[in-house]
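Participant: According to our numbering, the sequence shown is numbered sequentially starting from 5.
Just to be clear, a hint being listed does not mean it is correct.
[Claimed, not checked] Okay, the calculated beta carbon distance ranges per label pair:
no., residue 1, residue 2, range
1, ASN176, PRO27, 51 to 59 Å
2, ILE174, ASN54, 23 to 31 Å
3, GLU64, GLN150, 41 to 49 Å
4, GLN150, PRO66, 35 to 43 Å
5, PRO118, GLN164, 41 to 49 Å
6, SER72, GLN29, 16 to 24 Å
7, ILE165, GLU128, 43 to 51 Å
8, GLN49, LYS142, 39 to 47 Å
9, THR33, THR117, 44 to 52 Å
10, TRP131, LEU156, 37 to 45 Å
Keep in mind that the hints were calculated from the coordinates and are not lab data. Each residue gets a CB set at the ideal place from its N, CA and C atoms; glycine is no exception.
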Amino acid sequence: NRQRNQHTKTKIKSSIQQKHHMPPQQAITDSNWTIRLQALETILQEQPSNLLDTLLGLLEDPVIDIRSLATSGIVPFGHDAIDGLAHVLQTGSLSARESAIQALLTINTADITPVLIQTLQTDESAWVRVPAIQGLAKLGGDDETQALVDALDDTHPDVQIAVHQALKAIQN
């Protein structure tokens, strides 16, 4: 069965190279999103150790299917992905930041607390701050609770609602 899976992976990789005349690592930058998606699927099957930087870069892709697949590929890196995700949260586009926060929430270890707090305090988008609030509530420690209390005066009504809900969930 393992041999058959390896044969299938080799056939897919070969198919991309023959059809598009480029290796998957090069096809990942093609202007055609379906070629990028196929290349990413192939790369994820191989799981090379140097894949994390490529996946983090793909969080900027304009196609949500590619961002979603990249996000799911980042999660298994766990702790090793946190610094890269923090960088995306500081410098990325809104779509990239939304994907990065989702990856962090899926990793869900206490190591993400400083990143979630910084995101809550500094991100311009409620679409990113609200998931940070939800992550802090799940972790529920003293630092997380204090960050939520500090965010009670956020100017965005959705953030205020999320903070109130998070604090209520921590109390229960």
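Participant: A separate judgement is required for each hint: does it hold in the structure or not?
Facilitator: Here is what the structure says about each hint:
1. The given range of 51 to 59 Å is respected by ASN176 and PRO27, whose C-beta atoms sit roughly 53 Å from each other.
2. For the pair ILE174 and ASN54, the beta carbons lie near 39 Å from each other, so the given range of 23 to 31 Å is not met.
3. A hinted range of 41 to 49 Å is violated for the C-beta pair GLU64 and GLN150, which are about 32 Å apart.
4. About 37 Å separates the C-beta atoms of GLN150 and PRO66, a value consistent with the hinted range of 35 to 43 Å.
5. The beta-carbon spacing between PRO118 and GLN164, approximately 23 Å, falls outside the hinted interval of 41 to 49 Å.
6. Distance hint check: the CB atoms of SER72 and GLN29 are about 20 Å apart, consistent with the given range 16 to 24 Å.
7. Between ILE165 and GLU128 the beta carbon distance is about 18 Å. The supplied range of 43 to 51 Å is therefore violated.
8. For GLN49 and LYS142, the hinted distance range of 39 to 47 Å is not satisfied, since their beta carbons lie about 31 Å from each other.
9. A hinted range of 44 to 52 Å is violated for the C-beta pair THR33 and THR117, which are about 34 Å apart.
10. Remark: the range hint 37 to 45 Å for TRP131 to LEU156 is contradicted by a beta-carbon distance near 19 Å.
In this structure, the earlier hints numbered 2, 3, 5, 7, 8, 9, 10 are contradicted, and the remaining ones agree with it.
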